[in-house]
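Colleague: Residue numbers (the numbering used here), protein chains in the order written: chain B, 1 to 209; chain U, 1 to 398.
None of these hints come from the bench; they were simulated from the model.
Any given hint could turn out to be false.
Mimicking BS3-like on lysine-lysine, the simulated pairs with C-alpha atoms at most 25 Å apart in a straight line are [as the list claims (entries may be wrong)]:
1) B/Lys205 x B/Lys185
2) U/Lys396 x B/Lys82
3) U/Lys386 x B/Lys130
4) B/Lys112 x B/Lys142
5) B/Lys30 x B/Lys82
6) B/Lys82 x U/Lys389
7) B/Lys91 x U/Lys7
8) U/Lys171 x B/Lys91
The model shown is predicted, which means the values in this text are computed figures rather than measured ones.
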Amino acid sequence: MSIELKNIKPTYMSDAEISASDIYLQESVKFENGKKYLIIANSGHGKTSVLNFIFGSNINFNGIINYNGFSNDDSLDYRKSKISYVFQDFKLFSDLTVFENIQLKNTLTKYKTIDEIYTLIEKVYLGHKKDSFVKNLSLGQKQRVAILRALCQPFELLLLDEPFSHLDKENKLIITNLINQEVQKQNASLIMTSLVETNPFDFDKILSL
Amino acid sequence: MLIKLQKRTIVLSQIIGYALVLLVGVTILLLVTQLYFDIKPLLTDQTDVFKSKAAVISKNISVFKSIKRERVYFKNAEIDELRKQSFVKNIAKFNSATFKINAYSNKSESIPVFYTDLFFESIPDIYLDVKTDEWKWNASLDFIPIIIPENYLNLYNFGFAESQGLPVLSKNTISQIEFNIQISGHHRTKDYKSKIVGFSNKVNSILVPEDFLLWANNEFGRQNNINTSRILVEFNDPSDKNILKFFNENNYSINKEELEFSKLVFFFKSALIFVFVIAVVIIFISVSFILLSFNLIIERNKELLLNLYNIGYNYTRIAKFYQLSISLITVFSILASIIISYSIRNYYLAKIINLFDFSIGKNHILLLGALLILILGIAYNVLIIKNIKTIVIPRKNK
């Protein structure tokens, strides 16, 4: 999926707050098909906002976003079926188990088999926790579940909002491999946000907000 | 999974409360409506029994009027005013005898000897229940047929005869008995033979043929100017509520069973409407309560619903569980109401059939219940989907 952001600016931020940005108020910012991007900024600079604007869950911005030529006004369903998102706050259901949280998404997409889901859970060292309620997991464990869930759908763009913030080195490596495999398999684009510069995915471009 | 997740958001006690209140409201509504349809032919049949929808009216007698007799008479203006009322089809004046009347028996073994003062009145023949060939008067014949109220006979049979050890008389027997009538006035008297030729439920008076009364008033009466103290009014519709209103306003009294019955019909209908309104209020409260409850559930679980939307569930799918829950509860509740209403209807029909002879009307309970399910179902489904949509679809902040 190729995306173009034109003169984007959050309505709740002043011009002074967003000075010297590679994205906000730029005439044209392109995210091309099959390429990987990193957006770096300090806290409160609107990293999550950019991803939410692209995903469509926040429409409080001025400017235009084009998705493969569609404008942001008429592509809600298109975005929902083509974009997968690892939310910074995970958006997991604490009263469901690890498996149920992933399966809740997979029921919609029917993208993975149950065995494949179990294999993914095993790979990120959560096999023993697959039937545990998410409310009883640590932040790192929750983050792994959220990433696995995002991989259970066909996508053309994967949004990762600080996906490794609670992961140790080993888990970060495992997760990076899983994401890379899926992105390559689906020939998808990837946009990741981070507080610091990092390069787990061999990014094509790094932008700062 | 989705159901498991959303099931936790429902407050069971509120659902049960709604179902019970709805059950009560709908049961009352169905029963009252069905009762109306069941009783309606009974009320109509009863009023039709009286061929002419007529009632006798007079002025209420107060302390002043009992002293001053003129006040019980209807003035011509009052009669004209009455005639103008929309509910009045026709009116007829009662003519009263203005001469002295005595009745006495022949000395025979069949009836006790009696001698009594009487009064006569007359109304046009068309308003009489009783019509016999004997209801004729001819100046050449010394015979006057009379009609007495049926309750006079009852009074005699069950009151007087019982206490005095006299024989009980049937209508037929009493009609065979001949007695004498003596009328007097202007220093003249005249004797007639007489018989009771009929009994009336309609008019509480002793009636003689109008021809006779007009002639006799002329011959023996005290004055030429005949006053009217009672009027027979024929109505277009005796259950018209303006009748009672008009008569109460003008302080007229109606001594007619039929109008009492009409009053009863009016009160019965009013009571049904009152209960119907109460039922509608109960249903309205239960519907408002469950809608408020679901709005609170949606508001309280806004985060969860938004997350579902964000991971790809569209608002129709999210709303489905709540739509189904509320629809199923409503259907079960109304079905239970229908069953209860059927049972209660069967019970009261069995009672009514014992008391009255009438044909059982159509059963509207199922139709009305189905209509309620349809209306509430559509309303709930539309409102819930609207609320969920408002919650999950991103909006621009103002």
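Colleague: Confirm or reject each hint.
Modeller: Evaluated hints:
no.	hint	result
1	B/Lys205 x B/Lys185	21 Å, holds
2	U/Lys396 x B/Lys82	23 Å, holds
3	U/Lys386 x B/Lys130	36 Å, violated
4	B/Lys112 x B/Lys142	20 Å, holds
5	B/Lys30 x B/Lys82	17 Å, holds
6	B/Lys82 x U/Lys389	21 Å, holds
7	B/Lys91 x U/Lys7	19 Å, holds
8	U/Lys171 x B/Lys91	94 Å, violated
In this structure, the earlier hints numbered 3 and 8 are contradicted, and the remaining ones agree with it.
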